[in-house]
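Just need the whole structure built from these sequences, with the hints factored in.
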Amino acid sequence: MVRLNKIYTRTGDDGTTGLGSGERRLKSDLRVDAYGTVDEANACIGLARVHTGTAYPELDTMLGRIQNDLFDLGADLATPDTGKKLDYEPLRIIASQVTRVEADIDQLNKNLQPLRSFVLSGGSPAAAALHLARTVARRAERIMVALAQDTDEHVNRDGLKYINRVSDLLFVAARVVNDNGNADVLWVPGQNR
1 MVRLNKIYTR TGDDGTTGLG SGERRLKSDL RVDAYGTVDE ANACIGLARV
51 HTGTAYPELD TMLGRIQNDL FDLGADLATP DTGKKLDYEP LRIIASQVTR
101 VEADIDQLNK NLQPLRSFVL SGGSPAAAAL HLARTVARRA ERIMVALAQD
151 TDEHVNRDGL KYINRVSDLL FVAARVVNDN GNADVLWVPG QNR
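Using the numbering used here, the first residue of the sequence shown is number 1, and each one after it goes up by one.
Derived by calculation from the structure, the hints in this document are not laboratory data. Being a predicted model, the structure only gives us computed values, none of them experimental. Even for Gly, the Cβ is constructed at its ideal location relative to N, Cα and C. Careful: at least some of the hints might be erroneous.
Said to hold, decoys possible - In silico DSS-like links for lysine-lysine, alpha-carbon gap of 25 Å or less:
{"#": "1", "residue 1": "110", "residue 2": "27"}
{"#": "2", "residue 1": "6", "residue 2": "27"}
{"#": "3", "residue 1": "6", "residue 2": "84"}
Claimed, not checked - Here are the simulated distance ranges between beta carbons:
{"#": "4", "residue 1": "65", "residue 2": "186", "range": "28 to 38 Å"}
{"#": "5", "residue 1": "111", "residue 2": "151", "range": "17 to 27 Å"}
{"#": "6", "residue 1": "183", "residue 2": "88", "range": "39 to 49 Å"}
{"#": "7", "residue 1": "192", "residue 2": "111", "range": "23 to 33 Å"}
{"#": "8", "residue 1": "8", "residue 2": "189", "range": "45 to 55 Å"}
{"#": "9", "residue 1": "91", "residue 2": "51", "range": "26 to 36 Å"}
In structure tokens, the structure reads:
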């Protein structure tokens, strides 16, 4: 497991970082960008939890699981499957994690009315924070898709599904904390023409 004795190592001063496999890559590498953006989404969820915590304990539990799973996803991305045997079993996102998020979405969505317009970020501070987390998760997904297009790279399909579902859950969660959608700020096309 992880053991951090010293936070700075100076090994990244040349603009590179180490993957889980030991390989060094530029910090601007698409794979590093992918797991860095997953980490950013995780931080945004942490900020959202400051606003949801005690008021929405069931949602807070879901978000806590997602935060932990996003570290799993980061580990998955940081240890590319090259087909070579490793000395350890790399951590991978698995289908049951995707299924669990789908069940959480269904649970959150059951009391919401169908949308008749797109939702603007806002309403309550909790909803705004969840929408921010959602947009960062979507960016992580776009980067992961771009990485998967490289024939020399491998991206776990369950990892792609997982980040997609997480952004869906964050959208539904934002509606839940906006009085089950009653306080959603809706887009009015062409309103300010």
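For each hint, the structure was consulted:
Between residue 110 and residue 27 the CA atoms are separated by roughly 42 Å; this puts the pair beyond 25 Å, and the hint is violated. Only pairs whose Cα atoms come within 25 Å are accepted, and residue 6 paired with residue 27 is accepted, the gap being roughly 20 Å. For the given pair, residue 6 sits about 30 Å from residue 84 by alpha-carbon distance, which is inconsistent with the 25 Å threshold. The hinted window of 28 to 38 Å between residue 65 and residue 186 holds, with their beta carbons roughly 30 Å apart.
Under the hint 17 to 27 Å, the C-beta atoms of residue 111 and residue 151, about 45 Å apart, miss the expected range. In this structure, residue 183 and residue 88 meet the distance hint of 39 to 49 Å, their C-beta atoms being roughly 48 Å apart. For the pair residue 192 and residue 111, the supplied restraint of 23 to 33 Å holds, since their beta-carbon distance comes to about 32 Å. Take residue 8 and residue 189: their Cβ atoms lie about 50 Å apart, and the range 45 to 55 Å holds.
Between residue 91 and residue 51 the C-beta distance comes to about 30 Å, which sits within the given range of 26 to 36 Å.
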